[in-house]
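Peer 1: Hints in hand, dock the two standalone chains.
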Amino acid sequence: MGMTITEKILAAHAGKDKVGPGEIVQVRPDLLMINDVSGPMAVDAFASVGAKRVFDRHKVAVILDHFTPNKDVNAAKASAKLRAFAKDQGLPHFYDAGFGIEHVVLPELGLIRPGDLVLGADSHTVTYGALGAFATGVGSTDLAAAMALGETWLKVPETIRLDFRGRSSRWIGGKDLILLAIGEIGVSGALYCSMEFGGEAISRLDMDGRFTMCNMAIEAGGKAGIVEPDEKTEQWLREVMESTGGRAGTVSDGAQFRISLRDLRSDKDCTYREILSFDVTDLEPQVAAPHLPSNVRPVSDLKSVEIHQVVIGSCTNGRISDLRAAAEILKGRKVNRWVRTLIIPGSRRVYAQALREGLIDIFVDSGAVVAPPTCGPCFGGHMGALAEGERCVSTTNRNFTGRMGHVTSEVYLAGPYVAAASAVAGRIAHPEEV
Amino acid sequence: MEILGRVWKFGDNVDTDQIIPGQYLSIQDPKALGKHCMEGIDRGFSARIKPGDILVAGANFGCGSSREHAPVAIKACGVGAIIAESFARIFFRNAVNIGLIAIECEEACRRIGSQDEVLILPEEGLIKNMTTKEEFKFAPYPPLVADIVKAGGLLPYVRMRLRGREGE
Ligand code: SF4
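Chains A and B supply the protein sequences, listed in that same order. All letters in the first sequence, in the order written, are residues 617 to 1050 by the numbering used here. All letters in the second sequence, in the order written, are residues 115 to 282 by the numbering used here.
In isolation and in its complexed conformation, chain B is listed as follows (with noise of 0.2 Å):
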């Protein structure tokens, strides 16, 4: 699994009504929830990210309230991963059990620019600034955190675990 796309970068602190304001919430659907992505910090971000770009943002992101709407949003509208210096504990969690990759790195944030092209490869744990030619190493997910990702999210990895437990 790789990702590669532009940089889209943000601050500290951004939180869950920003990413997703609360007039949007009656919302079911993942595609319209992305049309409205970022909207409370950002209006139009949503129609200028194409698939695979990289949210780049500072400490704890996705703070706030509990809305699975958030990740969401985010993964909807087209965005490949987010990179933060921290993020938020029920948003991170969120965000694996939807499959969308969320990376702490410190450096990488401090060093990559908006509009960089960036590589990422979550398996090895490597981000690749294909722009700057830096590269920056994270901790990759443990395994179980994995596979949760690469199964595109909390419940088709239930759905495949519980499979798999019917087959024993």
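Extracted from the complex, chain A is given alone in its bound form (with noise of 0.2 Å):
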């Protein structure tokens, strides 16, 4: 029996030959990540337990991005114990506010490589899955004893292999394929696994279209999201390496990849709990209306809904296709004057890249709001909170009661090219009713 790509990756880190799903394994991370949310909470239980270093400093990256630049004292607060923890740890990886969104900066700085096993405390830490890495969320006190440790516990999951095929518009990227299987199997019908995504239209699909499906893996209810690494993979790879350098603990810095490029794929006759299928042709852009990411629809049956926001960001959409999809569709067009439009670049590598390629001028020009790189209002945290009774388009991941500010408020999430449209248009729209 051959085993898949997740368990190939469990097996590596478990020093073992074979994993098979519902084995606990104890595995040694390449890398831990906190943010200004979980960080604080997990600092206190490193000390608690009489911790005095990290296990590996170069494997614990901690990063300011949830209440950036900070919103309140309360904010300046936790992020100024984490600066301390980083500086007292002597932390190579330590991103202060401006450097983005955790989930794309660190592939960007070259940190995930293929077969690496990441944890975070964050629940969107499966976003690294689209370079064939295994990573998941833990809680707080999870992430304090593998710094203190550097090894934790993993249970074995199954996998379900979901596999989209035809060719589809061009309006239609990762978060409509995403948002299709979610709406199919529900907010729990991956409950636990691992979800392996393949054929032909992933493999079409950019990198950038791949970390917004991952990073939708656990909203249903999967453990990790995951993509066999190709031809498109070494490519990304070669240019993050190309800017970034050789930094210790990065992709840059020499050191073989655990599994091979080549093995790093699921054996043909490996084990999956089931094996879904997807027909992308003729689908139309999809939305997610609240107050459930399952509860998608396509585009044309919500023309009629008003909006008073549009976000377009954050670790689902926040990077450069993103923008690019976004700016087409504003280009010489104005933002609805009810509208208020937020353009929020995932990183300040994806907000420079956009300045040189003149998407800057073209949100500026249409009268949206370009903010610095931050979660911001994908979580109700901080810029564009939501008033009662409002609605919003967003790029984002969530669309729970209450998300993005006032109980009754209301998101409904699509990707970029029918939040730019909806931004126009005043309504949410199809990209080519504008």
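Check each hint, because a few of them may be wrong.
No farther apart than 27 Å at their CA atoms in a straight line, the calculated lysine-lysine pairs in the DSSO-like style are these [said to hold, decoys possible]:
no., chain 1, residue 1, chain 2, residue 2
1, B, Lys123, B, Lys145
2, B, Lys149, B, Lys164
3, B, Lys247, B, Lys164
4, B, Lys149, B, Lys123
5, B, Lys264, A, Lys668
6, B, Lys251, A, Lys634
7, A, Lys771, B, Lys164
8, B, Lys145, B, Lys251
9, A, Lys950, A, Lys919
10, B, Lys264, A, Lys771
11, A, Lys703, A, Lys693
12, B, Lys123, B, Lys251
13, A, Lys632, B, Lys264
14, A, Lys634, A, Lys884
15, A, Lys771, A, Lys884
Some chain B residues judged to face chain A by a derived CB distance under 10 Å, without partners named [to be verified]:
no., residue
16, Phe159
17, Arg162
18, Asn174
19, Arg203
20, Pro236
21, Arg279
These are computed hints drawn from the structure, not numbers from a lab. Because the structure is a prediction, the values reported are computed rather than measured. Think of the CB as a built atom: it goes at the ideal place given N, C-alpha and C, for glycine as much as any other residue.
Peer 2: Shown next, in the form of structure tokens:
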């Protein structure tokens, strides 16, 4: 019996030849991550066990992205605590306000390699699966223990294979594919499982689209999302290597991948819990209506919904391809005067690239607000909270009750094309309408 | 280690909001959290249960948010163990990490009745229904998870391990 890519990565990190679903293994992670929300608790727990130094200072990343630039005194205190921790521990991978959102920043800095095992004290850590890594979210206590010991226990999940077939229209991106899948299987449809995305539509999808898909695996209850590395992955990694130089613990430091890229795929005779198939031919752009990411409809069903705000950004859709898509729609157009349109590049690097390409000019000319890289409104943290009864089209990942502000406000999740088109139309719109 | 207690039964998909409603999340003290345990589904639960009593539930116990407050409240109100058909992933992990016994055993969940007296021998992977004399087997925790539970949770376990390393 062969193994899935997920099982291979877990076996390699547990020092075993083979592992199977249900087995509990002790693994040594390649990278641990805390942020300004989960970090303070983790740092306290770390101190409370009498730990002095983290197990490997090159393998702990600290990033301040949720409430940054700090929105108030409490947020500033949390940031200060983590800054002190990073300084005291001598952590090279400390990223202060402005670097951007963790799940955009860590991959583009070359900190995630195919075959790596990554634990983050944040549920959207699953994003890194797009590079063929196994990455999952844990609590602050778990993360603190892993920082002290350099290891943790994990139960090997079953794998669900999701195949996407057919050729879709130009308006369809990773967001539409993952919303389609979540709409189909529900918010607990992949509970505890690793979601392996594949098929011709995934082969054609760019890396940014794959990050978007893996990012939302958690919205179906998944423990991880993962895509087998291919030429696109390799090309992407080459570019990262060129742009980052040779820092320790990154793709570019010359260290071998733990599993060779060629072996980093599911064996033909592996066991899947189930194999699901989705045809994306003629797929309309997808939108998740309030208040669950599984409440998915084709955009044409929602065209009468008037909106008050649009957010384009987050760890789901805050990458350069997303900004290019938004700019394609907004170029030479004005956003509706009754719709606040917030555009938040996911990282400083994305921001700089957008500047070079002239996208920021397009956004500013259209009447949108361009914000510094931050999580901001995605979790109702700061910048762009919604008032009573307001509706927002957002490229983020969760539309739970009150997620972006008042409990009666509503969030519609969509990709950047639909979000930008809606900003122009003042209501939910298909990109072809504007 | 053994756990002997009376059974309180719950259905499928008991979520973390039912276990400890959001309004209590600012509470840090476990005892105070314990007073509100299961309040979203069964008001007065914590007043009725005796130390060592056992929760028996259906599928997907502990689904919803990752709040560690949920297993903390259950443990603090005196519950000795939870037997469920299945657990939501983060809940199971958090339970083990705070030293609360969580056992998956479908058959036991189907056959054990409310108020039965049940004995659990976690290390042997055995559940004995003292009321009906039925026995159920389950896969005991693998050694490393058992070590965490035995130490009383993840933080005491890490403390122990770190002391061990210093002694090496
Ligand atoms: S952008 Fe939103 S979902 Fe992503 S890490 Fe920040 S708050 Fe979480």
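Peer 1: If you draw a straight line from the CA of B:Lys149 to the CA of B:Lys123, is it 27 Å or shorter?
Peer 2: With Cα atoms ~19 Å apart, B:Lys149 and B:Lys123 stay inside 27 Å; holds.
Peer 1: Tell me if the interface restraint on B:Arg162 is satisfied: Cβ within less than 10 Å of some Cβ in chain A.
Peer 2: violated (29 Å)
Peer 1: Does the alpha-carbon distance linking A:Lys950 and A:Lys919 stay inside the 27 Å limit?
Peer 2: holds (19 Å)
Peer 1: With a cut-off of 27 Å on the C-alpha distance, tell me whether A:Lys632 and B:Lys264 pass.
Peer 2: With a Cα-Cα distance of about 25 Å, the restraint between A:Lys632 and B:Lys264 holds, given a limit of 27 Å.
Peer 1: Tell me if the straight-line CA distance from A:Lys771 to B:Lys164 falls inside 27 Å.
Peer 2: Violated - the C-alpha atoms of B:Lys164 and A:Lys771 are around 32 Å apart, more than 27 Å.
Peer 1: Need the status of pair A:Lys771, A:Lys884: alpha-carbon distance at most 27 Å?
Peer 2: Roughly 23 Å between the alpha carbons, so the hint for A:Lys771 and A:Lys884 holds.
Peer 1: Please work out if B:Lys123 and B:Lys145 have their alpha carbons no farther apart than 27 Å.
Peer 2: Answer holds: B:Lys123 to B:Lys145 is near 22 Å, not above 27 Å.
Peer 1: Was the hint right that B:Arg203 lines chain A, CB cutoff 10 Å?
Peer 2: holds (5 Å)
Peer 1: Under 10 Å is the threshold here; is the Cβ of B:Asn174 close enough to any Cβ of chain A for the hint to stand?
Peer 2: Interface hint status for B:Asn174: holds (7 Å vs cutoff 10 Å).
Peer 1: Is the Cα-Cα distance between B:Lys145 and B:Lys251 27 Å or less?
Peer 2: Violated, because 32 Å separates the two Cα atoms, which is more than 27 Å.
Peer 1: For a C-alpha distance cap of 27 Å, please report whether B:Lys123 and B:Lys251 respect it.
Peer 2: holds (19 Å)
Peer 1: Given the hint that B:Lys264 pairs with A:Lys668, test it: the Cα-Cα distance must not exceed 27 Å.
Peer 2: holds (24 Å)
This entry does not satisfy hints 7, 8, 16, 17 and 20, going by the numbered hints stated previously.
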